[in-house]
Structures are given as C-alpha cells and as structure tokens.
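Peer 1: What follows is the residue order along each chain.
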Amino acid sequence: MARINSPEELEQFRKELLSTRDPSTPCISVCAGAGCLASGAAEVIAAFRTELETQGLTARVQIKGTGCPGFCERGPVVVIYPEEICYLQVKPEDVPEIISQTIKEKKVVERLLYVEPSTGEKTTYESDIPFYKHQKRHIIGSNIKIDPKTIDDYLFIGGYSALAKVLFGMTPEAVLEEVKKSNLRGRGGGGFPAGRKWEGSRDAPEEIKYVIVNADEGDPGAFMDRALLEGNPHSILEGLIIGAYAIGSHEGYVYVRQEYPLAVENITLAIERAEAYGFLGKDILGSGFDFTVMVHQGAGAFVCGESTALMTALEGRPGEPRPKYIRSNVKGLWDRPSVLNNVETWANVPLIINRGADWFTQFGTEGSKGTKIFSLVGKIANTGLVEVPMGITLRDIIHKIGGGIPGGKKFKAVQTGGPSGGCIPESLLDLEVGFDELSKVGSMMGSGGMIVMDEDTCMVDVARYFLNFLTDESCGKCVPCREGMRQMLKVLTNITQGKGKAGDIELLQELSEVAKDASLCALGQSAPNPFLSTLQYFRDEYEAHIQERRCPALSCKELISFYIDPLKCTACMICLRQCPSDAIIGGKRQVHVVVQEKCTKCGTCFDACPSRFGAVMKLSGEPVPPPIPEEDRMIARESKQK
Amino acid sequence: MENGRVDQIIDKHHCEASSLIQVLLEIQSENHWLPTAALKRISERLQVPLTRIQHIATFYKAFSLVPKGRHEIHLCMGTACHVRGAPRLLDTIQDLIGIKPGETDLDLKFSLETVNCLGCCALGPVMEVDGKAHGKMGPAMTADVLKKL
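First to last, the sequence lines map onto chains A and B. First residue of the first sequence: -5, per the working numbering; consecutive thereafter. First residue of the second sequence: 24, per the working numbering; consecutive thereafter.
These are calculated hints, taken from the structure and not from any lab test. Computed from a predicted model, the values in this text were never measured in an experiment. Idealized CB from N, CA, C, for every residue including glycine. It is possible that some hints are incorrect.
What the hints assert, rightly or not - Which stretches of chain A does chain B cover? Using the computed rule of at least three CB atoms under 8 Å from a CB of chain B, they are:
| # | stretch |
| --- | --- |
| 1 | 37 to 45 |
| 2 | 204 to 216 |
| 3 | 370 to 378 |
| 4 | 446 to 457 |
As the list claims (entries may be wrong) - With a straight-line Cα cutoff of 25 Å, these simulated DSS-like cross-link-like pairs (lysine-lysine) come out:
| # | chain 1 | residue 1 | chain 2 | residue 2 |
| --- | --- | --- | --- | --- |
| 5 | A | Lys116 | A | Lys130 |
| 6 | B | Lys159 | A | Lys85 |
| 7 | A | Lys58 | B | Lys35 |
| 8 | A | Lys551 | B | Lys35 |
| 9 | A | Lys592 | B | Lys84 |
| 10 | A | Lys276 | B | Lys35 |
| 11 | B | Lys159 | A | Lys404 |
| 12 | A | Lys493 | B | Lys159 |
| 13 | A | Lys100 | A | Lys139 |
| 14 | A | Lys404 | A | Lys394 |
| 15 | B | Lys170 | A | Lys592 |
| 16 | A | Lys9 | A | Lys85 |
| 17 | A | Lys143 | B | Lys63 |
| 18 | A | Lys484 | B | Lys35 |
| 19 | B | Lys84 | A | Lys471 |
| 20 | B | Lys155 | B | Lys84 |
| 21 | A | Lys85 | B | Lys155 |
| 22 | A | Lys562 | A | Lys592 |
| 23 | A | Lys98 | A | Lys9 |
| 24 | A | Lys551 | B | Lys159 |
| 25 | A | Lys98 | A | Lys130 |
| 26 | B | Lys63 | A | Lys403 |
As the list claims (entries may be wrong) - Across the chosen pairs, the derived CB separations fall in these ranges:
| # | chain 1 | residue 1 | chain 2 | residue 2 | range |
| --- | --- | --- | --- | --- | --- |
| 27 | A | Gly114 | B | Met24 | 57 to 67 Å |
| 28 | B | Met24 | A | Glu477 | 44 to 54 Å |
| 29 | A | Lys495 | B | Gln77 | 39 to 49 Å |
| 30 | B | Pro58 | A | Ser575 | 34 to 44 Å |
| 31 | B | His55 | A | Lys493 | 32 to 42 Å |
| 32 | A | Pro124 | B | Met24 | 31 to 41 Å |
| 33 | A | Lys318 | B | His55 | 31 to 41 Å |
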C-alpha cells in the first residue's frame, strides 16, 4: 500500500474502500479477545474457514477474528452482518448449521441466541440483548467490527479522520482547548483532567517532549485496556498522535505489560501499518508534522502503573516511583515534559475531536463527563466489559446490565477501583458513578474494575487479599508502605485465622493513617482503602472474627468446618468419591462422615452434594457435633427391602 | 544460551542501556530463565553494572534466575478468581505437586506461579497450564488436569 500524503488522498482511499465492500455481503465476526480465545474462539474461527471453503463460499462471505465486544460470559461470541444476528457460546460443531441456515437460507439458529434467564425470551440482534441495550458503547462498540490485524477496517469506520481534521484544520492550541472543554479526565485511576496535564507539558520550556500510553493495566480483575489495545489499537494511536500534535511532541511510547502478549502483538502491528500508510513517521499525511512511537514491554511490576515509576522503567531501570515535587508532565521521562495517559483516555480523544466537546459533555455528571468502561466481574451473571455513561447508578450496572447475582444468592458489596479502591455496600447501590461520587463513599473510580461480591464473600478476607497483593507489589522504596503493609497484612491474616485480638482494629487504623500520610506514591497512600472501606461498612464482620472466632460468610478456612447432617445424608457416595483428601468415610447405605482431622476444607463436598439433599453444611463459631456412632450409620431403604 | 544469540538480541535493541529490560525480556521468553553467563555478557556489552542487572532481574516478576520446570502452571489469583475460590485451587495444587508459588520441583517437572489476573474473569477461577487456559475449575477438576500431565 502506498503512503497517504494528504487528507484528500485519505478520503479518496476511504471512498475506494467503501466501494469495494458491498454492505449486503455477509460478514461473520468472531470475537478473538482473550476471554473468548480461552473458551475456544480460535477453533470456531478455524471451523468457519474450513466450512466456507468446503462449501465454496470463501469469496462471497467474509470471516474475521475481531476485538472483544465485552460479553465474555457467553463467549465465544459470533455476530453475523449485515443483519447483526448474535450467536453466543458457539462451538465448532455449530458452524455447519450456521453456514447452511443463516448464511445460505437467511434463517436464524434459535438455539444459539441469547435467552433471557428470567423470561426464557430469545433475542436475535446484538443491540437488543439487555446486556448491551443499557450501555453507551462509544469506544468499545467498534471492537466487533474491526479485525485488529489490519488497518482497513479502522479506516472503513472513519478512522484517522480526526487526525486529518486536527493536522489540517486546527492549531495545537485549538486542540488543547477542545480537550479542556470536554473535561476529559484520566481513565487510569487518578482522574486528573487530561487537558490540564497536556497544557502543563505544552507550556514547559524544554524542547523535547514525550507522550506515553499507559497500558500497564495491573489491577486484578480489570481488563478493559487490554480489550481496547487488542481490539482497536489504531484508535489509541490516533489519540496519541493528536495529543502529540497538541503539546508539540515528536516521540511517543506505549508501555504495555508483557503479560498481554496479544496486545503487544496487535499494537506493534498497528504501528507498522500506520507507518506504512503515513499516519506515523516523518511528514504525517503531508502536514510536516513528525511523530514516531515505540513499544516498551513492562516486565511485571504493579507499581509501574504509577506515572513516575513507569517512566523510570522506560529508562531501563527498576520501576520505583520518585517524589513528585515537580509533576511528570513538566519533568518526566529523561527529565523532560511527558504526558502520560492511559489507554482508554487516549481512545476518547479522536471521538472528542470528531464529534466535538459539546457532544462529549452531554454524557455524564457535573464533574465526570463521557462514558467509562468497567470490567464487571466476580459473582455476577453477565461477566464482561460494559461501557456506560458516567452518572449511571451502580444498581443499573449490576442488575440491568450485569443480570444480578447468579445462583439466587444475596448481593453483599461491589468493589471498585482495584487494590486502591473500596467496597460499596448495598445501601449505597443507588450511587451515581463518577470520579468524585465514588471517592466520597471511600472508594474510587480507579481504572474501572468492578468486582461483585455475594453473601459467600468474607469482607475481612477481601481486605486481606488486597493487602497481600499490595505487600507483594510494593517496590520497597519507602518505609510506611513497605513495613506498614506488612504489619497490616500480619494482623489481618491473624484475624482471618481466628487469632485476632482486641485492639487489632485500632492498630490497623493507626497503621492506615501513617501509610496514607507518609507513603511516597499512590500505591502506599491508597493501600489502606480496602481495609478502611470494609471496616466502615462491615465492621460487624471484623468483630465476629475477633470476638466470636466466627466467619459470617463461612469463607475463612481456619474458622469453618464441614459437617454432614446425618439426617439429610442419603449415602449417595458423590462427595465421598470426589473428596481429594479422602476425608469422608462411609459407604453404600452408610451415612457419610467427615473426618475432621483429615479435612483440608477445600469445599468440594459442599459443592458436590446435590442441592435436593443439601446434607453438607459449613459451620463457623460453633463446635462440630460429634460423628454419629458407627452402629447408627446404616440407612434402611424401605423400597429396596421389599 | 549461547553468547552469539545473546549478542544478536542486544544488537537488535541497538546496544542501548535503556533497552536493558527489553533485552532481558527477550532472553527470558526464549530461554525461560536468565543464566548468569548471559547476564555477564549483557553487562559487558551494555556497560551496565551486574548489580543493577541483578536488581532488575529480581525486581520484575517476569524474570527467573533459576531454570523452569517442563510444565508451567499459572494460577490466576485476580480478584474475580479469588472470590470464586482460587485459594482452594492453590491449596490443592500445592498438596499435589508439593511446591509453593514461585518454586520449581526437583525433577524439573512443574513450576508453579500465581498471577494477578489473566483477563478471562468470566471463566474464573482459571488455571493456565503450558499456555492453555482451564476455566471454571474446582479442586477435583484441578487434580484431574495435573494428574494427566
């Protein structure tokens, strides 16, 4: 492909692209994001290819592996255009039927459609599925239309038009003004206004400036940046180039963690393609503006998501944060002005330029504009990525989009903001989602992880889990974080093991104060949040652990015992066979008994016991009843004795 | 790993000290661990003190200074997997193969690592064995997978 040298040539090229694609040509899009690949999407794509070939349809039907549309729960997801018929949980054996029915006969394969669990109603089209219907998918919506390995699909849906608009129709100041007007706030955690950050760099006296994409998405349970980088890498590049133009930078970096190999591959490929087309490199689109991008792989350190640590890592050193007396947008990478924004923030930029700040600000709340992608995971019916306008309530996200809690369990809390965030209880579910709103209740927006917890989740254990994570990830540079976390973790672990004592809560509070005030970077400063917020809303659980040695959620291993109710046990042998540590004794027509000394409390018997019997019980805070005497263990089965 | 190959990787990154992490990553992904000889070679070529390389190799999670087992087990301990019971899986795995996270067994059969989110939360709890993801695992299923290796 030849270089594109002017905006006219770009439009000409786009026109040609549009004319070569007949909109009525069937196109099969299969999600090839990480979640669907893990559920077998690659095999489905291969099956489609083979089937199309054997049927001689290769020329008439397009097939592509695309980015993640977000509905990971029902993966692999297949969408068939132009009708937008959406099939879920597709397996390779379904492929021949899809080809013969839907592609050839234009009939819908009913059994692969979305079924509403409550009503049993089937939904044919993607946009009608409740999971999608309540979203505003400005950014992630394009993923399913794009094969991220090519650039043409992105151009097809209008890609790089914002770049052309900026380079030929707007001054850098005007771009900056537009972004400031949109009040776009950083989607990576802090929520700092992007426009102001850019302005600081632009005004800095240094000649050489940098723009950086922060794709070191380390929050456990959050994968929206990965989905964007894997699914639509060009939108991020386009945003980055626009940002570089606005602040006067000619060099950019994408810092992406090596744990995301597909993202590394797709962004690297995207950069090559963009260079070939003339969207990157010297004299972009013939405008005279030069800009190059390099990919830097992160080697696995959560703290490198922090701005100064990330820049230190980019310099080839251990990623330890440094004090921010001067902000990194003035003195950052190699001590030069550096604008660092996360993936989603950059992806918003082309939209703001194309549709204007006024369009952008119509979504959201007073302080938080636009949409935000959340990764909705944990004890939720529809796990996946959801993009919603700011200001939507947590209840709507969890119940309308997420489909509520599976298995008839009761909702307990939702954890937002990753390890630096907090847990929000049911009483606050009508909270509108926004940067300031979430901070007010002791949590934070963070990068957008949203982990739903039900009645079986122990809140003390959740706090311990996050502290354990942060202790492990603390870089060790400053004492309050390194030592404070360690002590907090010790105390919390003791509590979950039934070794808590009076005064522990106060000690934890004191340690939290110090870590908050005296840590160098946000990792340490916000590390006590999971503890503080769970204490604020679930103090009774802490007290039950300490005073009664009881875990109300029946989750902490050291505080629970498994017991088989002899009156309910029908001696079906299911739990006995599955127990990995042979801790259940019994036999045919002989009531099963858990040998407490051998039990590792893995819970297999509890899960295995058929719900119609419900004989296996978890006990906490009370003594385990003695096993029934051996002579009473025989079950008389009347029907068989006859 | 031969010095020739190490040199090739260093040259690919233009022999720049700032590319140290990228060089190490490439060696790690090809060789699965960082042998001392390779580190010494990098130190010479990039003019970076060996202590700093050691600092980096121990700071970042991706690097290993000891050989890895033939089967690499990555157990996801992300929040979503945690609340869905990943700690139970960890106990089962540790009982079965007798090593803790970060360790490799003596006959180099298994290496066990815990990772923070593999990004397929819908399938949680997830265990990845030699690059293949096994989703919605329970202790009994985990034992089945490992016994087959």
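Peer 1: Next step is simple, just say for each hint if it's right about the structure.
Peer 2: Cross-check of the supplied hints:
1. 37 to 45: violated (count 0)
2. 204 to 216: Check passed, 5 qualifying residues.
3. 370 to 378: holds (count 5)
4. 446 to 457: holds (count 3)
5. A:Lys116 to A:Lys130: holds, 22 Å
6. B:Lys159 to A:Lys85: holds, 17 Å
7. A:Lys58 to B:Lys35: Measuring from Cα to Cα gives roughly 33 Å; hence the hint is violated.
8. A:Lys551 to B:Lys35: violated, 51 Å
9. A:Lys592 to B:Lys84: violated, 35 Å
10. A:Lys276 to B:Lys35: holds, 22 Å
11. B:Lys159 to A:Lys404: Cα-Cα ~21 Å, so holds.
12. A:Lys493 to B:Lys159: Between A:Lys493 and B:Lys159 the Cα gap is close to 32 Å, so the pair fails against 25 Å, i.e. violated.
13. A:Lys100 to A:Lys139: OK: A:Lys100 and A:Lys139 at ~20 Å, within 25 Å.
14. A:Lys404 to A:Lys394: With a Cα-Cα distance of about 16 Å, the restraint between A:Lys404 and A:Lys394 holds, given a limit of 25 Å.
15. B:Lys170 to A:Lys592: holds, 21 Å
16. A:Lys9 to A:Lys85: violated, 37 Å
17. A:Lys143 to B:Lys63: violated, 38 Å
18. A:Lys484 to B:Lys35: Cα-Cα ~46 Å, so violated.
19. B:Lys84 to A:Lys471: holds, 17 Å
20. B:Lys155 to B:Lys84: holds, 20 Å
21. A:Lys85 to B:Lys155: holds, 17 Å
22. A:Lys562 to A:Lys592: holds, 22 Å
23. A:Lys98 to A:Lys9: Cα-Cα ~29 Å, so violated.
24. A:Lys551 to B:Lys159: It holds: about 20 Å lies between the C-alpha atoms, which stays within 25 Å.
25. A:Lys98 to A:Lys130: Violated. A:Lys98 to A:Lys130 sits at ~33 Å, over the 25 Å cutoff.
26. B:Lys63 to A:Lys403: violated, 57 Å
27. A:Gly114 to B:Met24: 57 to 67 Å: Since A:Gly114 and B:Met24 have Cβ atoms about 59 Å apart, the given range 57 to 67 Å holds.
28. B:Met24 to A:Glu477: 44 to 54 Å: Violated, at about 38 Å.
29. A:Lys495 to B:Gln77: 39 to 49 Å: holds, 41 Å
30. B:Pro58 to A:Ser575: 34 to 44 Å: Since B:Pro58 and A:Ser575 have Cβ atoms about 39 Å apart, the given range 34 to 44 Å holds.
31. B:His55 to A:Lys493: 32 to 42 Å: This hint holds: roughly 40 Å between Cβ atoms.
32. A:Pro124 to B:Met24: 31 to 41 Å: Hint violated: Cβ distance 53 Å, outside 31 to 41 Å.
33. A:Lys318 to B:His55: 31 to 41 Å: holds, 37 Å
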